[in-house]
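Just so you know, the sequences run in chain order X and G. The opening residue of the first sequence carries number 597 in my numbering; numbering runs sequentially from there. The opening residue of the second sequence carries number 3 in my numbering; numbering runs sequentially from there.
Keep in mind the hints are simulated off the structure, nothing from the lab. Here the structure is a predicted model, which means the values were calculated and not measured. Beta carbons: idealized from backbone N, C-alpha and C, even for Gly. Take the hints with a grain of salt, since some may be wrong.
[Unchecked claim] Just the calculated beta-carbon pair ranges, DEER-fashion:
(1) G:Tyr56 x X:Pro663: 34 to 40 Å
(2) X:Arg693 x G:Ala137: 35 to 41 Å
(3) G:Asn87 x X:Pro663: 48 to 54 Å
[As the list claims (entries may be wrong)] If the Cβ cut is set under 7 Å, some of the chain X residues that face chain G in the computed set are:
(4) Asp599
(5) Leu610
(6) Pro613
(7) Ala624
(8) Val644
(9) Arg681
(10) Ala689
(11) Leu691
(12) Val721
(13) Ala722
(14) Ala740
(15) Tyr746
(16) Ala773
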Amino acid sequence: MEDPTDAAMIAASLADPASFAPIFDRHAATVLRFLIRRVGPDAADGLVGETFRIAFERRASYDLDRPCARPWLYGIATNVLARHRRAEGRRLAALSRLAGRARVDTPAAETAEARADALDLWPRVAATIAGLPPGERDALLLYAWEDLGYDDIAHALGIPVGTVRSRLNRARTRLRAVREPVAPGGEQPSTPTEDRGRIGP
Amino acid sequence: MTDDLDPLRRVRPDRLQPDDPPDPAVLAEERERLMSAIDQNVNPDTGRRFPSIYPRIAYRNEVAAIEFLTRVFGFREWRESRMENETGTLAWLEVGDGVVMIGRAGPEHHDLSSPADIAGANTCMVNVYVDDVDAHHARAVGEGARIVMDLEDMFWGDRRYEALDLEGHRWHFGERLSHVRERRGRDEA
Chain X
597 MEDPTDAAMI AASLADPASF APIFDRHAAT VLRFLIRRVG PDAADGLVGE
647 TFRIAFERRA SYDLDRPCAR PWLYGIATNV LARHRRAEGR RLAALSRLAG
697 RARVDTPAAE TAEARADALD LWPRVAATIA GLPPGERDAL LLYAWEDLGY
747 DDIAHALGIP VGTVRSRLNR ARTRLRAVRE PVAPGGEQPS TPTEDRGRIG
797 P
Chain G
3 MTDDLDPLRR VRPDRLQPDD PPDPAVLAEE RERLMSAIDQ NVNPDTGRRF
53 PSIYPRIAYR NEVAAIEFLT RVFGFREWRE SRMENETGTL AWLEVGDGVV
103 MIGRAGPEHH DLSSPADIAG ANTCMVNVYV DDVDAHHARA VGEGARIVMD
153 LEDMFWGDRR YEALDLEGHR WHFGERLSHV RERRGRDEA
């Protein structure tokens with residue numbers, strides 16, 4: 597017999613709250629890994645519980661046509677993160693430093709170009725993420741780091757699919773600017789260094 | 003998948019340098035907290051049951067009120083409980099072992115009024131015991147609360163003051179005098 601879907605368990609939990617437990621068991625590790633990627637392990641530990649408590653409180657509004665609750669949980673976790681932009685800023689700043697160091701571990705088989713790429717590009721990509729408007733960053737990281745599709749991102753963030761597409765396009769454009777060489781005498785197109793690690797206005 | 007987001011995929015933090023994998027103990031503990039909250043109607047942050055009496059207080063601008071009450075009076079919001087709707091925000095603010103609900107005033111919100119709607123009249127006062135009423139008073143004054151009764155030792159055994167919030171709700175903050183003496187003794191020791 598197949599396990600009941602998330603939707604079935606959430607529906608059952610309206611009358612029998614303990615039926616919500618499998619939702620935690622199935623998805624908590626994924627949600628925790630997502631939170632760790634965004635704010636680091638220390639801050640993430642508490643936020644995973646907060647995410648599932650909110651999910652439980654809001655279970656009556658869950659769209660039962662969606663068998664898998666994961667995008668919904670990603671959306672709640674993203675909202676929780678919005679209150680922790682500062683922790684995310686610190687995380688991204690640490691990520692930039694990590695990226696700078698990571699070149700040391702680049703396997704010898706990789707080309708010198710790849711190593712130079714790692715040296716230059718990674719901290720700048722991290723800094724660019726830090727400089728993105730929160731809505732673009734949320735959509736972008738759900739897509740690139742969490743492998744969610746457009747439809748799932750739209751559902752998670754509660755926005756139309758067209759908005760997901762336009763946010764991703766804008767974010768891609770900014771990321772492309774990071775990779776393009778600086779024109780002679782031109783301004784560096786990426787996020788200015790003083791913005792590195794700083795989030796939002 | 004290969005596209006122009008590859009650089010971003012390569013800086014995914016756990017690819018850059020794996021963090022410790024999620025700690026199973028963390029998940030087990032969070033699961034227990036969640037299930038206990040679900041089963042027993044307790045506040046997962048404090049492990050305490052929700053109090054039997056919890057007033058709901060109405061404001062024309064409930065979001066400003068939440069900010070005021072947390073900043074000026076030091077109430078702590080249960081952030082995970084906040085409900086935001088187009089028709090108003092609901093919040094739960096904790097102080098000690100008590101809780102107040104903060105919501106919007108109006109006929110569609112249980113027909114509750116803010117003093118600001120009724121010429122500053124009040125129909126109740128919320129009494130709150132705090133740990134250190136002198137420090138509480140200093141903070142409230144510093145943050146701009148309107149003090150309407152000064153800090154004073156009262157015959158019934160409390161040291162207390164009263165203040166109005168943004169929209170004129172009246173709050174009474176007190177500490178048992180025995181506790182005040184004990185606290186001051188400790189400070190001098």
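Do the hints match the structure? See the list:
1. A hinted range of 34 to 40 Å for the beta carbons of G:Tyr56 and X:Pro663 is consistent with their spacing of about 37 Å.
2. A C-beta distance of roughly 40 Å is found between X:Arg693 and G:Ala137, which places it inside the suggested range of 35 to 41 Å.
3. Between G:Asn87 and X:Pro663 the C-beta distance comes to about 27 Å, which lies outside the given range of 48 to 54 Å.
4. Interface restraint check: X:Asp599 against chain G, minimum CB-CB distance 18 Å, threshold 7 Å, status violated.
5. Interface hint status for X:Leu610: violated, as the beta-carbon distance to the closest one in chain G is roughly 12 Å, over 7 Å.
6. This hint holds: X:Pro613 has a C-beta 5 Å from the nearest C-beta of chain G, less than the 7 Å allowed.
7. At about 5 Å, the closest approach between the beta carbon of X:Ala624 and any beta carbon in chain G falls short of 7 Å, and the interface hint on this residue holds.
8. Residue-level restraint check for X:Val644 holds (minimum Cβ-Cβ distance to chain G is 6 Å; threshold 7 Å).
9. Nearest Cβ of chain G to the Cβ of X:Arg681: about 14 Å, over the 7 Å cut. The hint is violated.
10. Using the Cβ-Cβ criterion of 7 Å, the hint placing X:Ala689 at the interface with chain G is not satisfied: the shortest such distance is roughly 12 Å.
11. A least Cβ separation of about 6 Å between X:Leu691 and chain G falls short of the 7 Å threshold, and the interface hint therefore holds.
12. Annotation: X:Val721 was flagged as interfacial toward chain G, and the flag holds, the nearest CB pair being 5 Å apart, inside 7 Å.
13. Nearest Cβ of chain G to the Cβ of X:Ala722: about 6 Å, under the 7 Å cut. The hint holds.
14. Satisfaction of the interface hint for X:Ala740 is found here, the shortest Cβ-Cβ separation to chain G being roughly 5 Å, below the 7 Å cut-off.
15. A hinted interface residue such as X:Tyr746 counts as satisfied when its beta carbon comes closer than 7 Å to some beta carbon of chain G; here the least separation is about 13 Å, so the hint is violated.
16. Contact between X:Ala773 and chain G, as hinted, is not supported at the beta carbon level, the nearest pair being about 11 Å apart and thus beyond 7 Å.
The structure is inconsistent with the numbered hints 3, 4, 5, 9, 10, 15 and 16, although it conforms to all the rest.
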